[in-house]
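Number of protein chains: 2
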Amino acid sequence: MVSLKDALTLVLEHAFPLEAERVFLPDSLGRVTAAPVLAPMNVPPFERSPLDGYAVRAEDTFAASPEQPVTLAVLAKTKGKSIYVKSGTCIRILTGDPFPRGADAVVPQEKVLRVGNLLFLHNPLPPEANVASAGEDIRRGTTVVEKGTLIEAIHIGIFSSLGLQRVDVFKKPRVAVLATGSELKPCGERLSFGQIYDCNTPMLCALISECAAVPNPFGIVGDSTEALACSLEKALEQSDLVISTGGVSVGDDDLVAGAIKKIGAHILFWRVAMKPGTPALAAVKNKKLFFCLPGNPAAAYVSFEQLVRPCLLAKVSLKNWQRPEISALLEHSIPAAGSQNRFMRAICSLGKEGFTVRSAGLERSGVLSSFRDANALICLPAGTPALEAGEKVTVRLLSLPRQQEVLAPHSLSGLTLSCGTGTF
Amino acid sequence: MVSLKDALTLVLEHAFPLEAERVFLPDSLGRVTAAPVLAPMNVPPFERSPLDGYAVRAEDTFAASPEQPVTLAVLAKTKGKSIYVKSGTCIRILTGDPFPRGADAVVPQEKVLRVGNLLFLHNPLPPEANVASAGEDIRRGTTVVEKGTLIEAIHIGIFSSLGLQRVDVFKKPRVAVLATGSELKPCGERLSFGQIYDCNTPMLCALISECAAVPNPFGIVGDSTEALACSLEKALEQSDLVISTGGVSVGDDDLVAGAIKKIGAHILFWRVAMKPGTPALAAVKNKKLFFCLPGNPAAAYVSFEQLVRPCLLAKVSLKNWQRPEISALLEHSIPAAGSQNRFMRAICSLGKEGFTVRSAGLERSGVLSSFRDANALICLPAGTPALEAGEKVTVRLLSLPRQQEVLAPHSLSGLTLSCGTGTF
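From first to last, the protein sequence lines are chains A and B.
Counted the way this note's numbering counts, the first sequence spans residues 839 to 1262.
Counted the way this note's numbering counts, the second sequence spans residues 839 to 1262.
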């Protein structure tokens, strides 16, 4: 049995990054940049006004005072003709308009009095007042996004402001998923006595999609070393990574290790010191990884989270793939961890005293439904003794923590307040 | 000018939920349930063993002791034939196997000695020891997921364990996006002097996708009331909701309000007490909402976040759509908020002392790039005075906070530790 840390190190060593491909911006959402993105131009490309007003020469305004306003002649705008603001004149300018030659400041429209073509200014302006310089937002040549960045809406906005149409991203890993066990039936078929539905394949396909990878479901393979070896080999050919569930514990029907050996894959480890998920096996062939996860769905979920997700994100070189770990106060006592790292499905809340955490329900490996409300895992190192309510534990956040105490609605006049988990 | 709270109340009143549709499970990821999902069966459907061992009658073991082991005869398994465990016998049972009649407990294989067909037990077992009852995971008839739940991988696992093939979800809102401004060019075209690229349309389309809605980009419409009215009307016909950017401030070219009136839409408000985003306008026609957002990209981003996102999520009846708001310590001083609610793009970190927050960069409405690193908005109510470093502010989390201090690698023997923002 290997430690979880060693298991993760071993599989990450074999999680080679994929090639890059160039995609159009709308298709890049949720992908990871394969190279730094440099600004090919200034944004804005020219000096412009950040507000509606009048472009003036600051020196013309120096003598202005509430008692002795300065008067300037408003120049007429001529479509398509560039204008020069000479001393004693000004010109109407709107938000985003390029700055006219001669002018070096903008007076906001609400600060002046206009009568016909005459503008009265009651206060002096310093040079460069209300001028947005070229490159104020992004300077040409700067790195706007580093390699290994997850592309979100804001990045697409930034790339568009630079006129970029396409961006280099890592290819999506293709991940084969197969389930073993003669007791399994796919959804839609009728169960005989002793049979259950295969929930691992649909769940893993969804987890793979959530990692910006492409699931490739292979369905259910019976309990035969021959059939399994054949399916694993075919899955390997068609995919960048292979996941199986079931058949890795030490019972009579546990044939996966045999099938893995039969196809000549090299076993990196079998059995990891974590609960749930102990029976997990990893192997490698042709520089591709096999993850043979336990068949109990909660164990499959936790071992995917601990071992497979990091590798999928490593294959697209994502920076900062780790989930945040925080310290939280236990809302109730919990039993000792035992001799392995233990991960408890948990609900983490954010109250006035900081983070608190409680069990999300029944801990058995065969029980998946208690993960429904979980937004965190309590991480208990091997040997952790029984803990009392109020003691501190390390919690890995799977999504945003819930807000326990909603602030009084009027404590923030006019602002809407929030509770609950924001997932979007 | 309306308060942000009133503006949000007004638009939410007009954000009618969409109809439902039935989709296959793999297509339901990221959608929102349109009805409660009830369990049509027990999971597991039968009493089963949670481990590898031997099924016994507990009463047979009562006399067992380390000195005086009990001996049981191991029954042979016959394929397809049901077995009755009578007194003095037992049968091999594997994880997940249905419980044989007669037996009422399982002894783990590591706790017994087997010699040929004889099993030696050195300890008594209580009845029901190591038995997973039918319905232990999910009981038939219970509500496994409520209406208005965002479907994630774990839900797909739960639905599959119940044999469900399809699920009722709300239709995705179709959202038209158009940009106004004769200075705008789409990416890929060459800019003339005074022109800039339209970054709002691609950014809003991505934000819409992130809300599980379908963007319908209409491109750039010139500065003409006629052309705008025509495009807005066409956009309305083809979509459930329409967003435009630009043309809503009070400059000479601000024609959107005119076009909105021309097509007979009812204006709900024009100008909201928030910065950035003040010029936002909302209108309604044929029970559909128009959001006319400012053209400055940072203002478009913030007004989408404040007004449009809540409506898109209301149209699919998502529970808990609000983002969590937390209290954080300022890492530096900030200026007074002014007379409107102010939202500052910010970086929220999680350290030993709890949450801290700092500005993500330049605050101008025309500057988008400083949102790149933002994971939060500092929410300053109107009238908030200048604040010093160390003072508390309310922060709305847009994604998971960053981890400031990484725990020492060995403080959690064998566990991997995390830093950075986990987005997957």
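The hints are simulated quantities; they were obtained by calculation from the structure and are not laboratory data.
The model shown is predicted, which means the values in this text are computed figures rather than measured ones.
Please note: incorrect hints may appear among the correct ones.
Identical copies go unnamed one by one, so any copy, or any two together, can satisfy a pair.
[To be verified] Cross-link-like lysine to aspartate or glutamate pairs, in silico, EDC-like; alpha carbons within 16 Å at most: (1) K1123 with E905; (2) K1072 with E1021; (3) K949 with E1064; (4) K985 with E859; (5) K915 with D1211; (6) K1113 with E1075; (7) K843 with E859; (8) K915 with E1143; (9) K915 with E905; (10) K1113 with E1143; (11) K1157 with D1211; (12) K1099 with E857; (13) K985 with D1211; (14) K1125 with E851; (15) K924 with E974; (16) K1072 with D865; (17) K1099 with D865; (18) K1230 with E1191.
Do the hints match the structure? See the list:
1. K1123 with E905: For K1123 and E905, neither the intra-copy (86 Å) nor the inter-copy (50 Å) Cα distance is at most 16 Å.
2. K1072 with E1021: This pair counts as neither: shortest intra-copy Cα distance 23 Å, inter-copy 55 Å.
3. K949 with E1064: Neither: 84 Å inside a copy, 32 Å across copies.
4. K985 with E859: Intra 13 Å, inter 40 Å, cutoff 16 Å: intra-copy only.
5. K915 with D1211: neither (62 Å within a copy, 40 Å between copies)
6. K1113 with E1075: neither (32 Å within a copy, 55 Å between copies)
7. K843 with E859: So K843 and E859 fail the 16 Å test inside a copy (32 Å) and across (45 Å) alike.
8. K915 with E1143: neither (63 Å within a copy, 37 Å between copies)
9. K915 with E905: Cα proximity of K915 and E905: none, with 30 Å in one copy and 107 Å across.
10. K1113 with E1143: within (12 Å within a copy, 40 Å between copies)
11. K1157 with D1211: between (28 Å within a copy, 13 Å between copies)
12. K1099 with E857: For K1099 and E857, neither the intra-copy (29 Å) nor the inter-copy (52 Å) Cα distance is at most 16 Å.
13. K985 with D1211: between (34 Å within a copy, 14 Å between copies)
14. K1125 with E851: Classified as within; 10 Å inside a copy, 56 Å across copies.
15. K924 with E974: Neither. Shortest intra-copy (26 Å) and inter-copy (85 Å) distances fail the 16 Å Cα cut-off.
16. K1072 with D865: For K1072 and D865, neither the intra-copy (29 Å) nor the inter-copy (25 Å) Cα distance is at most 16 Å.
17. K1099 with D865: neither (40 Å within a copy, 36 Å between copies)
18. K1230 with E1191: both (12 Å within a copy, 14 Å between copies)
Going down the numbered hints, you'll see the structure goes against 1, 2, 3, 5, 6, 7, 8, 9, 12, 15, 16, 17, while the others check out.
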